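J.: With the hints as constraints, model all of the structure from the sequences given.
There are 2 protein chains.
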Amino acid sequence: MRIFPISLCLAWLLAAFSSRAGDGPVEQWSVFELKLTGPATGNPFVDVQLSARFTLGETTVAVTGFYDGDGIYRLRFMPGQPGIWHYQTTCNIPSLNDVAGTLTVQPPRPGNHGPVRVAHMYHFAYADGTPYKPLGTTCYAWTQQGPELEAATLATLAASPFNKLRMCVFPKRYDWNTNEPPLYPFAGHATNHWDFTRFNPAYFQHLEHRIQDLQHLGIEADVILFHPYDDGHWGFDRMPASADDLYLHYVTARLASLRNVWWSLANEYDFMKEKKDSDFVRFGEIISREDPYHHLISIHNGQLMFNHTLPWITHVSIQNGSAVEDAGRAELFRDVYRKPVVFDEVKYEGNLPRRWGNLSAEELVFRFWEGTVAGTYVGHGETYLSPDNIIWWSKGGALKGHSPARLAFLKKVLDDSPAAGLDPIDKWQNPSIAGQASAYYLIYLGKQTPKSWEFLLPKPPLATNQVPVEGMQFTADVLDTWNMTIIPVPGHFTLHKKDNYTYADQAGRAITLPGRPYMAIRLKRVSE
Amino acid sequence: MRIFPISLCLAWLLAAFSSRAGDGPVEQWSVFELKLTGPATGNPFVDVQLSARFTLGETTVAVTGFYDGDGIYRLRFMPGQPGIWHYQTTCNIPSLNDVAGTLTVQPPRPGNHGPVRVAHMYHFAYADGTPYKPLGTTCYAWTQQGPELEAATLATLAASPFNKLRMCVFPKRYDWNTNEPPLYPFAGHATNHWDFTRFNPAYFQHLEHRIQDLQHLGIEADVILFHPYDDGHWGFDRMPASADDLYLHYVTARLASLRNVWWSLANEYDFMKEKKDSDFVRFGEIISREDPYHHLISIHNGQLMFNHTLPWITHVSIQNGSAVEDAGRAELFRDVYRKPVVFDEVKYEGNLPRRWGNLSAEELVFRFWEGTVAGTYVGHGETYLSPDNIIWWSKGGALKGHSPARLAFLKKVLDDSPAAGLDPIDKWQNPSIAGQASAYYLIYLGKQTPKSWEFLLPKPPLATNQVPVEGMQFTADVLDTWNMTIIPVPGHFTLHKKDNYTYADQAGRAITLPGRPYMAIRLKRVSE
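Chains A and B, in that order, give the protein sequences. First residue of the first sequence? That's -15 in my numbering, and the numbers climb one at a time after it. First residue of the second sequence? That's -15 in my numbering, and the numbers climb one at a time after it.
Derived DEER-like restraints, expressed as beta-carbon distance ranges:
#, chain 1, residue 1, chain 2, residue 2, range
1, B, T44, A, R182, 48 to 56 Å
2, B, P295, A, I470, 49 to 57 Å
3, B, E274, A, T39, 44 to 52 Å
These aren't lab readings, by the way, just hints derived from the structure by calculation. Since the model is a prediction, treat every value here as computed from it, not as a measurement. Even for Gly, the Cβ is constructed at its ideal location relative to N, Cα and C.
T.: As structure tokens, then:
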């Protein structure tokens, strides 16, 4: 567990975007910010077109600037390589045009692995190659709850296993979450007649500080750009297309330089009745065109899956209430999309009078393991009723459930698993066996309560060169995924080809099990 | 069951394409054929570009002609409306150019419902609106087995419940199926050095006669255009792109006028190692551009799903060895594609020493029912070893298994089900309940063996206006899907809203069950 003093969290609020021109060298994958002063009259959000080109050798990165209020303009750049970069601005305002300079970029410091990318088709890795195995949670409206509760949320996250957080840009209004936010994203609050051409810089400054807070905890921010939990109350769910597009342009200019940003075009996109699928396609095209770093992009559904085969969608974000009850269901989405599959919403641990919000901790942990051995990733959420209406899934605060400790145990297992990820080995016969053939196997027994498990490995998937061979040796561990124990099995198991489809132990050994549910078996090849 | 004298089958062989110019009126959705005589020298397959436009009022259909050997050219047209159509040819050979005439089209006779189309997003109907509920089987190479065995196959089909047949255009070479075909599709047999620019008309004449034989049995022909079961033996799996395209052009010109044709671009497309996904996209684009009637198009996979979101793919043809073990798996594909889902291969009933070919009849019938209550369709295949190597799945002949009788029972249930199809009612909670909310419910209990079923209906899907209402009345039947019995439950069940998610019987009644597996319950609303 990470140790996270609350004072540190407040310090980060003040220290965001400290890398500025003239401040000395900038770290790779951190933010270089060029602050310029220009006109404060008219509507600088739409009147001023500011951009810059950052160049190092053959590499050129085009970056869009933004207006931050009070005559301040900013250009933010996340350098992807060390070296001396040159930059030069372009602007329709002469005083902001042709501003040029250099910055020195140094290699990243320990703990900075860069943005997360897709790796091995179904998995993720940071830009420096370090595997990233998502274990996400959800606090949709945590950044709109005021400093005290927001600090508490950060402290809870710091002590948690979670390394991804789903969070909305816009305020949220829904059952158990009807408080007005401290700030609003647009000018015009008093009347609720927003001026969608004028952003409220304070709103976005606060948001980006919170994303940086997460970054310092090693947590990816899965930034949700639109959602239906407004229902016309503020109307941010039904802005005109021109306002949607301007908003995406502004958010991309402000946030794209933060290495831990992921773009989630919407939550429950199909519940936004004022929008069509084609609107979200346009949003995705805008973001993928304007984000110079190509952060991960996806979109989360209610009842209807989005077309995740579109080329700019990097991974599949899914809500499904039953797919991860069974690895054999979950893995079907891998076959369909050939992209990483993240079940961001699978119902929540809690006790709400809603079917989507009253899973037991045992059931949620079970679902994580089924998803894991399907070669997919699962997200957490918690919905325990509370007299103060502070429910983790919406506002953050404290975690009350019993799944997070078990998910920390799962994270330990994931961190110890192959860098290439866990893939189904023999998907149409044994959906509960994942790993990398002939090297590592994770077998999850779910709700079954056997007293023993016969050592039997399936043949590998087609088109692999990792074929098991007679005589290969494996160690075995028995994992109790609920009681969080790992007990090694004495001795080695030695492969013997039993038939066309299976490999057994030469001595025909089995592994003794306690007859409890939620057990797993881990096999690792003994290195030669 | 249909009665099918073998003599009739042979008669059809001779009677194909009897509607010719001057023969009097043509039936809607049957074939009008214009036979012309032209040059037999050079290479008429590529030298002559023959087409015609058929016009009725505002409707114009462009039809491609083809060379049928011996100086004979043919243009085939399937009229979609009654009336007097005019036609006029275009050709680069003057004697075939500007041939004009009329044909009188009469309404279809009973039993002719036109081609099958997609209906209600996830289902099918004939062009005249009659529901079509696919219950398919597979005889990949049946048209290459000689007249005796082919006649036997037709007789078996006539006595079977099947209304769709998967069959290959090209000959097949695979385990248990290594005989050479009587004919070859291209010129050049003696040397196995084919001339891919010269087709063998006799090969295609035979194929289209067989498709017409199926049409007269009310069976849709799922015509597989490419497959990997050649492995270079003849090389039809690895022709150059120009030959592939010419072949598709020729097949479309010959077959598209047959109303029972479906296009399956390939079987196990991903096992065709000489082809890329982009080749199959090109094939689909060619077919959908050149087929003037827009017959159904799909493509069947081995291990990797094709991108069935492409707009010209009308329905999803899937091989999956485990998806229909569980309705909760099968229905996920509906969510993904929003198209009809047909599991054309789910392993076969049989006793082959292969995992894909040794299901019990019970298991295959179980899979059909799981797929059915998932709102999808399942395909049959049979692989019982035989000393003469005549296995239904490849060569046809006789059916030996125990599933077809039970599939006939399923067909009876399907024929009695709503025209709008069976859709999941409450997919994330009760994957085994399908129907049309508030009108018809089919509940499949699979391998469970309960002694009773409490009358409990789930809330309907979002976005339906078919909401159950207090006091609605239902009749119930108990179906034994293996023993093929339907036993009505006495009296009516009257709806009472139990909670936010369920409706019970006002009297709290349950339905008594025999404690055997494979039971289903059918509920029908009592009309008011």
